[in-house]
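With the hints as your guide, set chains B and C onto chain A.
Residue numbers (our numbering), protein chains in the order written: chain A, 1 to 300; chain B, 1 to 376; chain C, 1 to 408.
These are computed hints drawn from the structure, not numbers from a lab.
Note that CB positions come from ideal geometry on N, CA and C, so glycine has one too.
Treat the hints with care, as some may be off.
Partner residues aside, some chain C positions facing chain A, computed with beta carbon under 7 Å [to be verified]:
id: 1; residue: Ile36
id: 2; residue: Arg191
id: 3; residue: Tyr196
id: 4; residue: Gly203
id: 5; residue: Ile207
Each computed DSSO-like pair below joins lysine-lysine, with the alpha-carbon atoms no more than 30 Å apart [stated by the list, open to error]:
id: 6; chain 1: B; residue 1: Lys353; chain 2: B; residue 2: Lys120
id: 7; chain 1: B; residue 1: Lys168; chain 2: B; residue 2: Lys247
id: 8; chain 1: C; residue 1: Lys9; chain 2: A; residue 2: Lys92
id: 9; chain 1: B; residue 1: Lys297; chain 2: B; residue 2: Lys31
id: 10; chain 1: B; residue 1: Lys281; chain 2: B; residue 2: Lys250
id: 11; chain 1: C; residue 1: Lys69; chain 2: A; residue 2: Lys88
id: 12; chain 1: A; residue 1: Lys92; chain 2: C; residue 2: Lys5
id: 13; chain 1: A; residue 1: Lys88; chain 2: C; residue 2: Lys5
id: 14; chain 1: B; residue 1: Lys165; chain 2: B; residue 2: Lys188
id: 15; chain 1: A; residue 1: Lys88; chain 2: C; residue 2: Lys64
id: 16; chain 1: A; residue 1: Lys92; chain 2: C; residue 2: Lys8
id: 17; chain 1: B; residue 1: Lys120; chain 2: B; residue 2: Lys335
id: 18; chain 1: C; residue 1: Lys9; chain 2: A; residue 2: Lys88
id: 19; chain 1: B; residue 1: Lys353; chain 2: C; residue 2: Lys237
id: 20; chain 1: A; residue 1: Lys88; chain 2: C; residue 2: Lys237
id: 21; chain 1: A; residue 1: Lys92; chain 2: C; residue 2: Lys69
id: 22; chain 1: B; residue 1: Lys335; chain 2: C; residue 2: Lys237
id: 23; chain 1: C; residue 1: Lys5; chain 2: C; residue 2: Lys69
id: 24; chain 1: B; residue 1: Lys117; chain 2: C; residue 2: Lys237
id: 25; chain 1: B; residue 1: Lys221; chain 2: B; residue 2: Lys368
id: 26; chain 1: B; residue 1: Lys31; chain 2: B; residue 2: Lys348
id: 27; chain 1: C; residue 1: Lys64; chain 2: A; residue 2: Lys92
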Amino acid sequence: MDYFLELFLGGLTRGSIYALIALGYTMVYGIIELINFAHGEIYMIGAFTALIVISVLTMLGWNQLAILAIATLAAIVWSSAYGFTAEKVAYKPLRNAPRLSPLISAIGVSLFLQNYVLLAQTSDFLPFPNLIPEFKFLEPLGGIVRSTEIVIYVVTAIVLVILTVLIKFTKLGKAMRATAQDRDMAMLVGVNVDRVISFTFIVGSATAALGGVLIASHIGQINFYIGFIAGIKAFVAAVLGGIGSMPGAVLGSLVLGWTESFFTGYISSDYEDVFAFLFLVLILIFRPSGILGRANTDKV
Amino acid sequence: MKHRISVLALTAMVGVFLLFGGTALAGDTIKLGVAGPHSGDLASYGIPTVHAAELVVKNINAKGGVLGKKVELLVEDDVCKPEVATNTATKLVGEGVNVVLGHICSGATKAALGIYKEAKIVVMSPSATNPALTQSGDYPNFFRTIASDDAQAKLEVDFALNTLKVKKIAVLHDKGDYGKGLAEYAKKFLEAAGPDKAEVVLFEGITPGAVDYSAIVQKIKRKGAEAVIFGGYHPEASKIVTQMRKKKMKTYFISDDGVKDDTFIKVAKKYAEGVYATGPKDVSKNPLAIKAREEHKKAYGSDPGAFYDNAYAAALALLNAIEKAGSTDYDAIVKALRTNLVDTPLGKIKFDKRGDAIGVGFAMYQVKDGKYVEVK
Amino acid sequence: MFTLKELKKSFLIALWFMFLTFPIMVIRVNTVEQTIDWRWNRLVMVGVFSFFVSWLWRYLLQRKEMGQKRAEESESPTLTFQQRVLQNPKFTRPALVVICIFAVIFPFYFSMYQVNIMTTALIYVILGLGLNIVVGLAGLLDLGYVAFYAVGAYSYALLNVHFGMGFWACLPIGAGLAMLFGIVLGFPVLRLRGDYLAIVTLGFGEIIRLILENWNAFSFGPSGIANIPRPGFFGIKMSIHQSLIYIYFIMVAMVIFTIFVVRRLQDSRIGRAWIALREDEVACQATGIDKTKTKLSAFALGATWAGMGGVVFAAKTTFINPASFTIWESIMILCIVVLGGMGSIVGVIFGAGILILLPEYLRAFSEYRMLMFAAALVLMMVFRPHGIISAVRRTYQFEGSPGEKASS
Numbered sequence: 001m002d003y004f005l006e007l008f009l010g011g012l013t014r015g016s017i018y019a020l021i022a023l024g025y026t027m028v029y030g031i032i033e034l035i036n037f038a039h040g041e042i043y044m045i046g047a048f049t050a051l052i053v054i055s056v057l058t059m060l061g062w063n064q065l066a067i068l069a070i071a072t073l074a075a076i077v078w079s080s081a082y083g084f085t086a087e088k089v090a091y092k093p094l095r096n097a098p099r100l101s102p103l104i105s106a107i108g109v110s111l112f113l114q115n116y117v118l119l120a121q122t123s124d125f126l127p128f129p130n131l132i133p134e135f136k137f138l139e140p141l142g143g144i145v146r147s148t149e150i151v152i153y154v155v156t157a158i159v160l161v162i163l164t165v166l167i168k169f170t171k172l173g174k175a176m177r178a179t180a181q182d183r184d185m186a187m188l189v190g191v192n193v194d195r196v197i198s199f200t201f202i203v204g205s206a207t208a209a210l211g212g213v214l215i216a217s218h219i220g221q222i223n224f225y226i227g228f229i230a231g232i233k234a235f236v237a238a239v240l241g242g243i244g245s246m247p248g249a250v251l252g253s254l255v256l257g258w259t260e261s262f263f264t265g266y267i268s269s270d271y272e273d274v275f276a277f278l279f280l281v282l283i284l285i286f287r288p289s290g291i292l293g294r295a296n297t298d299k300v
Numbered sequence: 001m002k003h004r005i006s007v008l009a010l011t012a013m014v015g016v017f018l019l020f021g022g023t024a025l026a027g028d029t030i031k032l033g034v035a036g037p038h039s040g041d042l043a044s045y046g047i048p049t050v051h052a053a054e055l056v057v058k059n060i061n062a063k064g065g066v067l068g069k070k071v072e073l074l075v076e077d078d079v080c081k082p083e084v085a086t087n088t089a090t091k092l093v094g095e096g097v098n099v100v101l102g103h104i105c106s107g108a109t110k111a112a113l114g115i116y117k118e119a120k121i122v123v124m125s126p127s128a129t130n131p132a133l134t135q136s137g138d139y140p141n142f143f144r145t146i147a148s149d150d151a152q153a154k155l156e157v158d159f160a161l162n163t164l165k166v167k168k169i170a171v172l173h174d175k176g177d178y179g180k181g182l183a184e185y186a187k188k189f190l191e192a193a194g195p196d197k198a199e200v201v202l203f204e205g206i207t208p209g210a211v212d213y214s215a216i217v218q219k220i221k222r223k224g225a226e227a228v229i230f231g232g233y234h235p236e237a238s239k240i241v242t243q244m245r246k247k248k249m250k251t252y253f254i255s256d257d258g259v260k261d262d263t264f265i266k267v268a269k270k271y272a273e274g275v276y277a278t279g280p281k282d283v284s285k286n287p288l289a290i291k292a293r294e295e296h297k298k299a300y301g302s303d304p305g306a307f308y309d310n311a312y313a314a315a316l317a318l319l320n321a322i323e324k325a326g327s328t329d330y331d332a333i334v335k336a337l338r339t340n341l342v343d344t345p346l347g348k349i350k351f352d353k354r355g356d357a358i359g360v361g362f363a364m365y366q367v368k369d370g371k372y373v374e375v376k
Numbered sequence: 001m002f003t004l005k006e007l008k009k010s011f012l013i014a015l016w017f018m019f020l021t022f023p024i025m026v027i028r029v030n031t032v033e034q035t036i037d038w039r040w041n042r043l044v045m046v047g048v049f050s051f052f053v054s055w056l057w058r059y060l061l062q063r064k065e066m067g068q069k070r071a072e073e074s075e076s077p078t079l080t081f082q083q084r085v086l087q088n089p090k091f092t093r094p095a096l097v098v099i100c101i102f103a104v105i106f107p108f109y110f111s112m113y114q115v116n117i118m119t120t121a122l123i124y125v126i127l128g129l130g131l132n133i134v135v136g137l138a139g140l141l142d143l144g145y146v147a148f149y150a151v152g153a154y155s156y157a158l159l160n161v162h163f164g165m166g167f168w169a170c171l172p173i174g175a176g177l178a179m180l181f182g183i184v185l186g187f188p189v190l191r192l193r194g195d196y197l198a199i200v201t202l203g204f205g206e207i208i209r210l211i212l213e214n215w216n217a218f219s220f221g222p223s224g225i226a227n228i229p230r231p232g233f234f235g236i237k238m239s240i241h242q243s244l245i246y247i248y249f250i251m252v253a254m255v256i257f258t259i260f261v262v263r264r265l266q267d268s269r270i271g272r273a274w275i276a277l278r279e280d281e282v283a284c285q286a287t288g289i290d291k292t293k294t295k296l297s298a299f300a301l302g303a304t305w306a307g308m309g310g311v312v313f314a315a316k317t318t319f320i321n322p323a324s325f326t327i328w329e330s331i332m333i334l335c336i337v338v339l340g341g342m343g344s345i346v347g348v349i350f351g352a353g354i355l356i357l358l359p360e361y362l363r364a365f366s367e368y369r370m371l372m373f374a375a376a377l378v379l380m381m382v383f384r385p386h387g388i389i390s391a392v393r394r395t396y397q398f399e400g401s402p403g404e405k406a407s408s
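Okay, chain A solo, but in the shape it has when bound (with noise of 0.2 Å):
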């Protein structure tokens, strides 16, 4: 049962991880049916920023805990900052072009920033300090789970509560939503959709900055290549629930991280990846939108 336990544990972190993710995407899809490649990058300049911060307040002697905080809000900063810059550079002016140019625009991004990571900084792995609090009254269940893992489900938890408020309860999301249905028509009902787009991607970048942060601190290392395979598992995810939906893109996660966990816990680790892309053609074989997604009606 212990077993299980942990497996079912360490499913839900992943799980949560590539949720943190995988929002970014799904929300960008919904609004301009981008696949945006370069947004595992984001999530990668995400942790380095915070890792930049880190080491310089370190190095002033500040408090953890502070250091913490600013060097969050710093990574979200930054990553909304590259990915709405991305977003003007690349993006826009293919608005309207055929839909594979903002596809390779996209790859182009993402290999860009791989790259302008790999030569400011450094090809090597980079330690990265875990600076999340161990909570005391988490100390009894430290042979299962620890602090870092469930301030991890906390923190997805939280995020999604906000996402969900954001879009269903506020102007700026019904806005979204709008422009998401209908692009030309949100215009002609006066939605400014230059900034509404602008918006979606400052959203997504920060929940994947906030994603970085987190499995930095989890993980203990950073390198300039995490996002590439990041980015790929959490775009499997936010596919596999149904692109476009949110609560698909969380669903979709857990599901993909508890599929990893417990095929490499009672089968084998190596075929785990071949695993999870088999469950998921066969998932999309019984609905082919994904599980929560919307059965695409074509007009004709």
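The following block gives chains B and C in isolation, referenced to the frame of chain A:
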């Protein structure tokens, strides 16, 4: 107006093509080719070799060069991919390279060796540890300044069974060429020891770059493994060890020279304590090695990285062989490598008939108080 | 363009970029060595650079938009310069002759290295043309194309290792196996649309690679298969240089063959069915085209070319391992197709040329190579979203009075 720009662009493109497309530069120099990953995610394994070559060449040129000619460095990137490595090899051969220091990854080396063999060029690698490269006999032009993987695996297995006296061992790898190869050798040796001496409770590969390894760590715990033998590199090793120690597992962790790197200790920090890893025999007391490290610190402002000592030794060995052979003729160089001892940061070495360096072996190290210390 | 307003805008943008790149560019951290490097000169460089580039950027974007507007507002379909040039037989015929002569004498005047790269580029031309069938003509976004490439390469390698079969025997077998896999992939994705299709094909590509990596007994795992023989020419023993030239000519022949077949396919019934499928799936069905057969044939035919390319790749590199068949390969081939211009054969050839030759010629810039390449990708997409040479839609114009033939 528009098409004038296009024509201009076209002409420019053709011009650039012709400029860079030209063939070899003639010159009266000894050309040392350095091939390996200099960009991409494995760059940290290839760049120290470039630094080593640069420093050796600088020193030798300052003393008058080799056979009275200056040594010229031709550095090419192969990003550890076999098909790029063949491009790199053809490029170097086309530019008239005399000897090659590289490649770094066994797969890339394998792919490129055929081309060098045809062109009769001696190749020496500081890091390609795949045993077949020297043991198969297919590549008489290949030498290396590092022992092969089966020696490492044997050392790890013997250490686990005879020194640590454990029986249940979990063998893990990173699904890569190097890591999996090592793990398979380890598994072979463990199984050869017999079921009453050793039991392989787990043999699996982990996915590098995953976000969490708790599942596999749990599995290790569940199978009751007393020791883990891991084939792979330090990033994955540090992640696994960290998770293992966080879960308060006391399992021994034994790994290979991909992990015997100071970076491993700096990344895993307190969790690195007690980890065992095989590595090239300790050369930190060797005066040439100390000097080489100082040089690197002065020139590049940081400690040297992976395979630096091996690359330094290889560069010295190659250039020394040309000097002793009196020419850049292939057979002469090979003979010189096999007969002359050369003083390097790895000690005095020369090469055997198959291309392995004599006097270069592996030793077991353990992390004690934040440093790798040789276990006697 | 030289107004104060523009200058101010560029200045603000420069400031923004200086802020944006501040942490990563200026503060170089190494937590392994515990060092922090402050490089303020980089900040200044970024500022100056972005000031000028943003100016140039906006100028070029404006020009592009004006060009687009002119095209939209004119009545007859305007063709871009490249399309007009390509349609003009006075240009194409002599150009074709020049290219043929160049192709034939190329390997004898350039070094082995150049021939090697050119052969790689030709392999990618075939891959691009194959993917063009799936993505460009049929509009099915395939992100796992590399799987078929791997199937071709490994079938040759394994058949050679186990049964000693030679290149020429394995070429059709490799192509056939790849076609089979193409059909196998086609089945589960029949009901999927757009980006769901993309993800499943991506998964398929990864599954094939992971199986090759982990199933040692079958595929020799990550260590790969070495010493794959190069193609033989009636048993004559050839040096490496001669072998490479031989492979080069084989590739040239294959490219010509591929272009011929793809052209015929494009104009055939199945080709038109693919284009209809791409344009509007529902309407396509409504006109009586069997969607299933069309989709499956697209995948199958596209995969065949990849299989052939794979066999040649294995023969040329003489060593293969799963690391050559990652997602990045699929992405690169997709870039070739989109960059070149979807559905356009000449475009794909150009795209392959640029994407493969450019990184090689940029070797001079070593460290910045990939960065420049990535920037080039974005630039080319922003300024040429339809690809360098996009396909010309076949139009038929009716001249009006009866008795006159329709021009096409």
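Mind listing which of the numbered hints don't hold for this structure, in increasing order? 20
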